[in-house]
Amino acid sequence: MSRWLLCARDLTESESLPLTQECLAQMIGVQRNAVSIVANALQKAGIISYSRGQIEITNVAGLRETACECYEAVKVRRDRLLKPSEGRSSMAGG
Numbered sequence: 000m001s002r003w004l005l006c007a008r009d010l011t012e013s014e015s016l017p018l019t020q021e022c023l024a025q026m027i028g029v030q031r032n033a034v035s036i037v038a039n040a041l042q043k044a045g046i047i048s049y050s051r052g053q054i055e056i057t058n059v060a061g062l063r064e065t066a067c068e069c070y071e072a073v074k075v076r077r078d079r080l081l082k083p084s085e086g087r088s089s090m091a092g093g
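Taking numbering that gives the first Met the number 0 as reference, the numbering of the sequence shown is continuous, increasing by one, and the terminal residue is 93.
Just so you know, these hints were derived from the structure itself, not from any lab.
Errors might be hidden in some of the hints.
What the hints assert, rightly or not - Derived SDA-like pairs (lysine to any residue); straight-line CA-CA distance at most 20 Å:
id: 1; residue 1: LYS43; residue 2: LEU5
id: 2; residue 1: LYS74; residue 2: SER1
id: 3; residue 1: LYS43; residue 2: ASN58
id: 4; residue 1: LYS43; residue 2: ALA33
id: 5; residue 1: LYS43; residue 2: SER15
id: 6; residue 1: LYS74; residue 2: LEU5
id: 7; residue 1: LYS43; residue 2: GLU14
id: 8; residue 1: LYS43; residue 2: SER1
id: 9; residue 1: LYS74; residue 2: ARG2
id: 10; residue 1: LYS74; residue 2: MET26
id: 11; residue 1: LYS74; residue 2: VAL59
id: 12; residue 1: LYS74; residue 2: ILE56
id: 13; residue 1: LYS43; residue 2: GLY61
id: 14; residue 1: LYS74; residue 2: ILE27
id: 15; residue 1: LYS82; residue 2: THR11
Based on the sequences and whatever the hints tell you, model everything.
Structure representation (structure tokens):
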């Protein structure tokens with residue numbers, strides 16, 4: 000779940016995420032009670048603050064520590080794809 004929260008943070012550019020447990024469960028492909036268990040653990044660890052339909056990331060470094068290594072690999076790849084390369088035209092064939 001940490002990876003998904005970090006991806007959502009990157010996309011929204013905000014530590015405040017309007018996400019319900021049901022929405023997260025659907026994104027990740029797990030049951031809602033699994034999200035609840037992990038969200039409670041992250042909240043007890045001081046990494047997130049969770050209130051009905053709202054997740055506040057309070058410790059980004061801590062969240063990164065709980066995420067799998069695939070988060071950084073995906074982030075690097077995404078950044079590379081989204082960042083225009085120098086010397087290349089942004090228009091096809093241009």
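### Hint numbers not upheld by this structure, sorted from lowest to highest
The structure conflicts with no hint, since it agrees with every one listed earlier.
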